[in-house]
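S.K.: Take a look at the letters that make up each chain.
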Amino acid sequence: MKSLSNLFNTLNLPLSHPPILRVMQFSLPSRHAALLTLILSLTLSSPTLAESTFNGYLKTYTYADLNTHNYTDIGTRTQTLYQAWPNSRTHIFAALNYDLHQPDSLSTRLDIYPVEFYANLTWDNADLKIGRQFIFWGKAAWVNPTDVLNPWDYSRLSGEVEDYRTPVLALNGQVYWSQLTLQALLLPVFDPVTQPMPGVTHENPVSTPDHSQFGLRLLSYFGQTDLSLSLYHGFEQQASVIFKGMNMDLLIPQPLLIARHQRMTMIGADLARTFGPNALKMEAAYFLTEDRNGDNIYLQNPHFDWVIGLDRSFSDKFSTTLQFSQVLNFKYDRDSDAAALNAAGMSSFVQAAPTSASSLSAVLKAEPLPFTTAQLVHVYNLADGDHFSLAFLSYELMDAVRLTLGSILFNGPPLSPFGRSRDADKLFAELKVNF
Amino acid sequence: MKKLIKHCLNTLSRFHSPNLSPSALCTSTTLPVTPFSSASASASALSSASTSTSALSLALAFALTFSSPLLADEKADPIMDRVLGKGSWTSMIADVQLTLTNSRDEQRVRQIAFFSKDDDQGQNRLLMRFQAPADVRGTAFLTLERSSGSDERYLYLPAMRRVSRIASSGGGGNFMSSDFSYYDIGEPAREDWSYTYLRLDNVDGQDVHVIRAQPANNSVFEDTGYSSVIYYIDTTAFRTLRSEYFDKHKQKFKELSVLAYYEKDGHEFASDMLMTDTRIGHSSRMTFSSISLNNPVDDNIFTPRFLQRAR
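Residue numbers (numbering that gives the first Met the number 0), protein chains in the order written: chain A, 0 to 434; chain B, 0 to 310.
Looking at chain B on its own, in the form it has when it is part of the complex (with noise of 0.2 Å):
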């Protein structure tokens, strides 16, 4: 996991680039803009082939087939580097609301205070500390990411009376028993996923690029427990609206539903999520208030002693 809250904000964060606009991107390619993605289309027009006698279409089939996974890339990348830029912001204060629904629609909520912090080297610290309900009132979470090796993660439970070093859970584990895993609010390593564009859509009025990332490698596969996801992507705000999240059977099993946008003195996140487990019906909401972004945040938090010692 790399980067950890920070994807989740991120990845659907706005990062103005004086160098590309979204029309640059829109026209960047060879190929016109459709309403179709590139891969739709090769497959449209490779079946057009088959039935068609025309030699025109046939060698447009040929063609785009072939070139497709490279205008594809070069198409998606730009995309994804807008998406995935970081944000300004090394430090982040917020309260954190978790809702849990099950399938029968009965809700649990746990109030969370959460703390952000990049250390010298940029790598970030997380500490969340539970502030409701009140049996779990004080559990607190504390990862460091690494670069190299897993993050170190620790987990204070006030009723255990003790910090304990917990291993990570393989393949996405979730996050506080919800439908977000780790790696969903992690920042991916850009070198960790492929990206293909597949066409331009529609959500809820919104025009969207619609991306798929491919795990790089089977380790993070591994790490994430995703065979693909796909992004719905603003096409002007370039704003994660939706994701898709598909497992190692190429099935769907959840979604993510963007509901707001923090956005103040250039800084600019998802700051509302819903993320639905598609297969039991369950979902969780995730809602950043009280937001304080790069003010100071003492260093000593993000440490196992400091677990305990807070109130």
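Extracted from the complex, chain A is given alone in its bound form (with noise of 0.2 Å):
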């Protein structure tokens, strides 16, 4: 069922990042430490000086909360990133953020973390990436069923993708054979993004072998169409939320949860075609979830995801795209759900969901004026009339200097997965300085 599971939809919660180091600390994961070991093989297994680049980006940014008017971060994000090229067929590359933030009114951070750091070797028909990176499937716009790889963060949404992804470790490969493409995943450890709940423990799956995920992906291009069919295992990024029980030890007592992120398997396919200046986008894919018969009320349901959408250029200054998008859930009795959180006595903290949830997106994209995009993305849940919305507008003072404003709305019932987080409401403005 996925009611209890919406519960941890909730975007107005502080996340927690994964820093790295952060002041007068330094710590490096072992599977970092690995990584950057490798890397530095590669770099120094080449005969002859490494062709390299270095760049990165300098921005300032600041969030204020729209409901309370107080900035909710403050900071200035150094990124820099080195490229290189030891030989021809070896690709190095380690992009880290330095982060010197306030997230409070109290403290000032600074953490430091990779964003992708891999190594990618290529052939002439093949390529094998290896280590952090992002990895994006699906062809829709924001609403991608077989987007499941790298988590979202949402409490860091922006304009940037690279703010509100994170990247997966992973072992990547590609095979070209024509027109197709065939890519192999191997992702050794599952690294959520995870919102702590006042009441809720964590259960994340340990970094072992036996919890490692694998995929698959054919991919094509031919004439107007792409088309591509993927298959996934692993784990779902929204943890599910079990109901332990009532914690009597409280002078109120308080009913006890497990977030829990439950093995699935993902069979999906998504297809992309043009028609002169429109593209017809379609997603779908059957989640087969560890609740096969349905009848646990904590796990979510086997479920079908399917999105349609259609691109429309109306000239190179001005696009939108619409979206229809569906979520069917299987061997699901809403009533019995229903009865059971009531029994439970969860009833007051979440509603059982419907057997079957539809939504609406658009995407406009226009080049107001010069120098200046804008980008407006919409989400409205036909259920519980919620939504959510993302704009921002960005003017390049000068070449590679960008100014951004945005703001992040959400709107809806309290219990609806974008009205949880009603109060999360943000206006943010960023200062880029590409170098």
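It is possible that some hints are incorrect.
[To be verified] Taking beta-carbon pairs under 7 Å as the criterion, some of the chain A residues facing chain B (in silico):
1. Phe133
2. Asn341
3. Ala343
[Unchecked claim] The following residues of chain A were derived to be distant from chain B, with all beta-carbon distances above 12 Å:
4. Asn124
5. Pro150
6. Phe221
7. Arg259
8. Leu279
9. Ile307
10. Phe329
11. Ser357
12. Asp398
13. Arg401
14. Asn410
15. Gly411
16. Leu414
The hints are simulated quantities; they were obtained by calculation from the structure and are not laboratory data. Every residue, glycine too, gets a C-beta built ideally from N, C-alpha and C.
Each of the two chains sits in its own frame; use the hints to bring them together as a complex.
M.R.: See the structure below:
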């Protein structure tokens, strides 16, 4: 069932982004150390001095809470991007973020963490990318059933995907054959973005080979049509919340809740086809979850997610995307779930999910003035009437210098997915200098 | 869009035809070469006819009026055949500097690595990868010409980490936010346009043929957004020195000036062009440098997968 798992779809909570180094502290998890060692080995194995580049950006940002009128985060991010080509077949890519920021009025933090950090080995008809990387699946916009690899960090929504998606550690092999590409993935660890909640204990899968994840994807580029088939065996990015009874030790008894990421297998497909200024995009995925028979009210039922959308380019200065998406829960009896929730005393926290949930989404992109871009993303859930908007305007002050102003807004009933985040409305401003 | 960037170059190129000399062009019609276009001459003659009592003038005007379209085509087509004749190059590597200037004279400069190559069927493939400024470095755009249906277009945005198939922008959508449309930088199919010889004129001291191109059908108009284009073509070298572009309301809205030509080893094309949007005062200058023609270019780079692989 989906209702309890949706409890975690709250966007107004501070997230535990995985900092590697904080002020006066230094730590480097073993998997990053191993990766660094591998990359250095590849670099040093080159018979000649590696060709390399050093770039990056400096970004000053301010996030303000629209409801409290307080700054929620002020800081400066420096990203250093080092690339090297030790030989014609090897590419080293290392992007590190240095965040000096004030997440609240009492503290200043320096977080240093890798964004992407990988070695890419290339042959004529194959690639092997090893390391921490982004792997995006799917062709629709924002609502992607097959995009199950990189976790979302909803508290960091902005105009840049790097801010709100987190890379995964993976072995990513691709083999090319004519118009076909076969991609095979091995993710040795599962590292979700978790959202701490009072009274809820997280149980993340431990990083052992037993918890590895696997993926396969076959892509084709034929004429005006792109098509891909995907298979993934891993974990749900969204944890299921399991009710373990009431904690009677407190003055006011509270439910004992455990958040756990369930195993799932996803079988999906996506398609993009262009017709002149229009592009049809479709994406669908069936998720076989641990609750195969639908008899565990705390786990996600097997479900089928699909989306269909149309992109239209009116000009290079204005384009739109309109999409309809739906989630269909299988082996699900809403009445019995509602009764079970009521019996567990949970009905005041969550409501039973509908058997099917539909939503509409739109993306508008425009260049209203020279050197200026604007974008609006809007998602509206039909069942609950809740919605989310991300809008931003970006102006290129000079070459490689950009000012961005934006807003993130949520609205809807209190228990709805976006309604829960009504207090997380934000305005943001960013000044970014690339070098 | 046909032939991609080659149009921008070849429209303005010289095609050395042994059978047709400039003087032959000027004498190949039954009309005398005058500083006026045949259409203008016709209009002038008609105007004269309405006020003149001369039967001869009236007869001449009548004859000119009804014979001028055919005569104009006969004169315009050979010129455009020379102008549009394909160059001999099948592949090209170059650096392109694209300078965008707004109405307040603020400039933004993009540096682009440019790769173009015809495939075995003669269809053009074009890859452009931004080198600067730093915030767009790595952005790549791939266009694969298709003889039937729309061309294939792919965009790779490093920030998004994925290659996206993109729909073409109707109405001659702009190329990389510049004032050049994708159609401007493509070679038009000869049959997509009908050409009318307008007049002889002078541009910066240079005698030019003035030729109007009009879409041969509505789909060409919808694809380009141009109701007509007027070319000013050097009478001796058959280079287009200037072009004017008219919208659906038949209002001029863009103007192209060619600032320099590349000429080497028998190859010749416009290598420095300035396109100005006359309505908003925005302009774009496209300058080619480090040009390499007909040297080997790996076919694999013109594939979607290569977009995110290359440095």
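S.K.: Hints first: check each against the structure and report whether it holds.
M.R.: Comparing the hints with the structure gives:
Taken as an interface hint, phenylalanine 133(A) checks out: its beta carbon lies about 4 Å from the nearest beta carbon of chain B, inside 7 Å. Among the interface hints, the one on asparagine 341(A) is violated; its C-beta lies about 44 Å from the nearest C-beta in chain B, farther than the 7 Å criterion. Nearest Cβ of chain B to the Cβ of alanine 343(A): about 42 Å, over the 7 Å cut. The hint is violated. Some Cβ of chain B comes within 12 Å of the Cβ of asparagine 124(A); the nearest lies about 9 Å off, and the non-interface call is violated.
With a least beta-carbon separation of about 15 Å from chain B, proline 150(A) lies farther than 12 Å from that chain, consistent with its non-interface assignment. Non-interface call for phenylalanine 221(A) relative to chain B: violated, since the shortest CB-CB distance, roughly 10 Å, does not exceed 12 Å. The beta carbon of arginine 259(A) is kept farther than 12 Å from every beta carbon of chain B, the shortest such distance being approximately 29 Å. The beta carbon of leucine 279(A) sits about 9 Å from the closest Cβ of chain B, which is not more than 12 Å, so the claim that it is off the interface is violated.
With 12 Å as the threshold on Cβ separation, the claim that isoleucine 307(A) sits away from chain B holds: the shortest Cβ distance comes to roughly 16 Å. Every beta carbon of chain B lies more than 12 Å from that of phenylalanine 329(A), the smallest distance being close to 30 Å; the non-interface claim holds. A cut-off of 12 Å between C-beta atoms confirms that serine 357(A) is not in contact with chain B; the least separation is 25 Å. For aspartate 398(A), the condition that its CB be more than 12 Å from all CB atoms of chain B is violated, with the nearest at approximately 4 Å.
For arginine 401(A), the requirement that its beta carbon stay farther than 12 Å from each beta carbon of chain B is not met, with the minimum near 6 Å. Distance check for asparagine 410(A) against chain B: the nearest CB is about 27 Å away, which clears 12 Å, and the non-interface claim stands. With a closest Cβ-Cβ approach of about 28 Å to chain B, glycine 411(A) is found to remain outside the 12 Å limit, as its non-interface label requires. For leucine 414(A), the non-interface assignment is confirmed: its Cβ lies about 33 Å from the closest Cβ of chain B, beyond the 12 Å cut-off.
Comparing the model with each earlier hint shows violations of hints 2, 3, 4, 6, 8, 12, 13; every other hint is respected.
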